[in-house]
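First residue of the sequence shown: 0, per numbering that gives the first Met the number 0; consecutive thereafter.
Honestly, the hints are just simulated from the structure, not real lab data.
Model, not experiment: these values are computed from the prediction.
A portion of the hints provided could be inaccurate.
Said to hold, decoys possible - Restricting the straight-line Cα-Cα distance to at most 27 Å, the calculated cross-link-like pairs of lysine-lysine (DSSO-like) are: (1) Lys246 with Lys302; (2) Lys246 with Lys311; (3) Lys226 with Lys311; (4) Lys261 with Lys201; (5) Lys302 with Lys226; (6) Lys228 with Lys302.
Unchecked claim - Beta-carbon label-pair distances, calculated as ranges: (7) Ser107 with Pro313: 33 to 41 Å; (8) Glu260 with Leu53: 40 to 48 Å; (9) Val295 with Lys196: 38 to 46 Å; (10) Ala126 with Val295: 46 to 54 Å; (11) Asn276 with Pro172: 48 to 56 Å; (12) Pro166 with Lys196: 19 to 27 Å; (13) Pro166 with Asn276: 45 to 53 Å.
In this text, a Cβ means the ideal position worked out from N, Cα and C, and glycines have one as well.
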Amino acid sequence: MPAPLSAQDAETEPAPQTSTGSTMLEAEVEDALQLIRDGQVETGVETLRRLGELGNADAFFHLAEINRLGAGKEATEPVALMYYRFAARLGHTRAALSLANLLFFEGSGEGDVNEAVEIWQQYALEAEPEAMYLLGMVYWNGESGILPDPVRAYGLVWRASQLQYTPAVEAEPEMRSQLSDEARETALAYAATMRSKGFDDKPLALELVTDDASAIIKSYEESKGDKVKPDDWNTVWHLEVGFAMSKEEIEKVQARIMANEKTDVQDLFSEVIENANRPGMYRLVFGPVESMQRAVKHCVALKRAGHDCFAKPPVEE
């Protein structure tokens, strides 16, 4: 068994090429794959690496697949991600989508999710149906800290269904049934002009399906049952996030944190409070928390999700 590719393989990134390679290179890629199928894994892998460095995106894509699946060698996910990125930068659509799927569904943290979403956005604007469908479902469900955006979501899934992408064809009728006529019309108008409108952080026409991001916050507040929000946060252990933001910015952060289960604050109240030292700027508090240990635990989860957090004790009078 040949040794798995090491971190040294990541040291030299190939310069982007303008072509995926000639017919001769494509034939060499197939020859390399046949060597691997015949058990000559090390020779086949070295050939693919050489062809990739010559600018053949397919060679890098196959190297990514080999390292992800462990075909004839030990599976090495970090190396697989590296080769998916190399192939994607050379214009390989399947590599880019595989990279996004791996980052989103198996990644670790907000950075991986953000990269995956950016890839899906790029390819959705190029009318790639898988990207439109997956991005649409993320917006529809408000997954991984992303605010629910059902109108934009339906436009994306509807467009993918028009291209006969099977998962989108199956999902579209149920999504359509949950939207008003006006919301559907807005979604289809967005789908028709998606390339020029692109994407932004603000949900599209959210007023057609709910009041605004505050509705998300309100639903979490109502779920607390008999628990009581403190009148004075300084009397309890609590968390502080975002110390100098506009009210609009901090409310977006608040809704995004609440929508992400990994932040571990869904059982806490939250409130946007004006910063006493900077009028017109706001901070976000979560709580109450029963102890320092619990406050630190919550802050660790928030930091892992990419948010600054400070555990604050009760202020003694």
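Verification of the hints:
For the hint linking Lys246 to Lys302, the alpha-carbon distance of about 21 Å falls within 27 Å, and the restraint holds. Taking the CA atoms of Lys246 and Lys311, the gap is about 21 Å. The hint holds against a cut of 27 Å. With a C-alpha separation of about 20 Å, the suggested pairing of Lys226 with Lys311 holds against the 27 Å cut-off. About 22 Å separates the Cα atoms of Lys261 and Lys201, which keeps this hinted pair within 27 Å; it holds.
For the hint pairing Lys302 with Lys226, the CA-to-CA distance comes to about 26 Å; that is within 27 Å, so the pair holds. Of the pairs offered as hints, the one joining Lys228 and Lys302 holds, with about 23 Å between alpha carbons and a cut-off of 27 Å not exceeded. The beta-carbon spacing between Ser107 and Pro313, approximately 34 Å, falls within the hinted interval of 33 to 41 Å. Separation of Glu260 from Leu53 is about 45 Å and conforms to the stated range, judged on CB atoms against 40 to 48 Å.
Evaluation of the 38 to 46 Å hint for Val295 and Lys196 yields a pass: the beta carbon distance comes to about 43 Å. Hint check: Ala126 to Val295, Cβ distance near 47 Å, so the stated range 46 to 54 Å holds. For Asn276 paired with Pro172, a C-beta distance near 53 Å keeps the hint of 48 to 56 Å intact. The hinted range of 19 to 27 Å is satisfied by Pro166 and Lys196, whose Cβ atoms lie roughly 24 Å apart.
Checked against the given bound of 45 to 53 Å, the beta carbons of Pro166 and Asn276, roughly 51 Å apart, stay inside it.
Consistency with the previously given hints is maintained throughout, with no hint failing.
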